[in-house]
Amino acid sequence: AQSVTQLDSQVPVFEEAPVELRCNYSSSVSVYLFWYVQYPNQGLQLLLKYLSGSTLVKGINGFEAEFNKSQTSFHLRKPSVHISDTAEYFCAVKGNNNDMRFGAGTRLTVKP
Amino acid sequence: DGGITQSPKYLFRKEGQNVTLSCEQNLNHDAMYWYRQDPGQGLRLIYYSQIVNDFQKGDIAEGYSVSREKKESFPLTVTSAQKNPTAFYLCASSIVVLETQYFGPGTRLLVL
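These protein sequences, in sequence, are chains A and B. Taking my numbering, the leading residue of the first sequence gets 104, the next gets one more, and so forth. Taking my numbering, the leading residue of the second sequence gets 3, the next gets one more, and so forth.
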């Protein structure tokens, strides 16, 4: 079975600064990787996904992530954050079966 | 507009009562899922269904039941056997081969 570890439960950052949210996974099979964002009292919205091909994946709202197979990581990055990026971010991994595993989440707080 | 709807937004349960959470999708997706979200724990899979009239238990199915009589609908019943039902419940759906899950806005269940 797959598992996901989000290394930081909270990340505070100032507006216009760069940010990296870290995600590591473990799996014995090939995986698909996802990042979702959740605003308060709402469902999850897909930011980006890696299924195959280029290891650098670009998503919505200026976010991108890089799949690193040797380090089993899929870190999320944004070069300049906005106040509106304040939210909870979830990394998820899916194997060849229908089993999606989510990390515990990272709360990103962007301060003015 | 295509999407996933969940109702109600807030639901209150009395002791010993069964309650049912609604999830409807008009995306023509084959697979549907129910997750439970507790603070600091990410999402945990309750049940999922890959096709009509078929569903499988997830990691925390005890105290819950589902049905899948129509492709568009996947209601979740929280039974009186679920002793700690207070949580945020999220429904999702996917076209299985594309692997990406899309989420509804969620239902918050509270116990009176």
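Do not rely on the hints blindly, as some may be mistaken.
[Stated by the list, open to error] Listed below are the simulated DMTMM-like cross-link pairs for lysine to aspartate or glutamate, each with C-alpha atoms no more than 25 Å apart in a straight line: (1) Lys11/B x Glu191/A; (2) Lys172/A x Asp111/A; (3) Lys152/A x Asp40/B; (4) Lys152/A x Glu71/B; (5) Lys11/B x Asp188/A.
[What the hints assert, rightly or not] Between beta-carbon pairs, the in silico distance windows are: (6) Arg46/B x Ser155/A: 26 to 32 Å; (7) Ala83/B x Phe117/A: 27 to 33 Å; (8) Leu154/A x Pro41/B: 42 to 48 Å; (9) Asp202/A x Gly5/B: 21 to 27 Å; (10) Lys11/B x Gly165/A: 26 to 32 Å; (11) Arg180/A x Ser75/B: 36 to 42 Å; (12) Ile186/A x Ser82/B: 40 to 46 Å; (13) Pro77/B x Ser155/A: 30 to 36 Å; (14) Thr212/A x Glu71/B: 29 to 35 Å; (15) Leu114/B x Tyr142/A: 23 to 29 Å; (16) Pro77/B x Gln148/A: 41 to 47 Å; (17) Ser75/B x Ser155/A: 30 to 36 Å.
[Stated by the list, open to error] Coverage of chain A stretches by chain B, computed from C-beta distances (three or more under 8 Å per stretch; other residues unrestricted): (18) 120-126; (19) 142-148.
Since the hints were derived computationally from the structure, they do not count as laboratory data. Think of the CB as a built atom: it goes at the ideal place given N, C-alpha and C, for glycine as much as any other residue.
Do the hints match the structure? See the list:
1. With a CA separation close to 19 Å, the supplied pair Lys11/B and Glu191/A stays within the 25 Å bound.
2. The suggested pairing of Lys172/A with Asp111/A holds, with an alpha-carbon distance near 20 Å, which does not exceed 25 Å.
3. With a CA separation close to 24 Å, the supplied pair Lys152/A and Asp40/B stays within the 25 Å bound.
4. For the hint pairing Lys152/A with Glu71/B, the CA-to-CA distance comes to about 31 Å; that exceeds 25 Å, so the pair is violated.
5. In summary, the hint linking Lys11/B to Asp188/A is supported, as the alpha carbons are separated by about 24 Å, within the 25 Å threshold.
6. Between Arg46/B and Ser155/A the Cβ separation comes to about 27 Å, which falls inside the hinted range of 26 to 32 Å.
7. About 48 Å separates the C-beta atoms of Ala83/B and Phe117/A, a value inconsistent with the hinted range of 27 to 33 Å.
8. Distance hint for Leu154/A and Pro41/B: a CB-CB separation of about 30 Å, inconsistent with the stated range 42 to 48 Å.
9. The beta-carbon spacing between Asp202/A and Gly5/B, approximately 24 Å, falls within the hinted interval of 21 to 27 Å.
10. In this structure the hint that Lys11/B and Gly165/A lie 26 to 32 Å apart at CB holds, the actual value being about 30 Å.
11. Distance hint check for Arg180/A and Ser75/B: the Cβ-Cβ separation is about 39 Å, which falls inside the suggested range of 36 to 42 Å.
12. The hint said 40 to 46 Å for the Cβ distance between Ile186/A and Ser82/B, and at roughly 44 Å that hint holds.
13. Our hint of 30 to 36 Å for Pro77/B and Ser155/A holds, since their Cβ atoms are close to 35 Å apart.
14. Taking the beta carbon of each, Thr212/A and Glu71/B are about 43 Å apart, not inside 29 to 35 Å as hinted.
15. A C-beta distance of roughly 27 Å is found between Leu114/B and Tyr142/A, which places it inside the suggested range of 23 to 29 Å.
16. Look at Pro77/B against Gln148/A: about 23 Å separates their beta carbons, and that is not inside 41 to 47 Å.
17. In this structure the supplied range 30 to 36 Å holds for Ser75/B paired with Ser155/A, their Cβ-Cβ distance being about 33 Å.
18. Look at the region 120-126 of chain A against chain B: 0 of its residues bring a Cβ nearer than 8 Å to a Cβ of that chain, fewer than three, so the hint is violated.
19. Counting residues of the region 142-148 of chain A whose CB falls under 8 Å from any CB of chain B gives 5; the rule of at least 3 is met.
In this structure, the hints that do not hold are numbers 4, 7, 8, 14, 16 and 18, in rising order.
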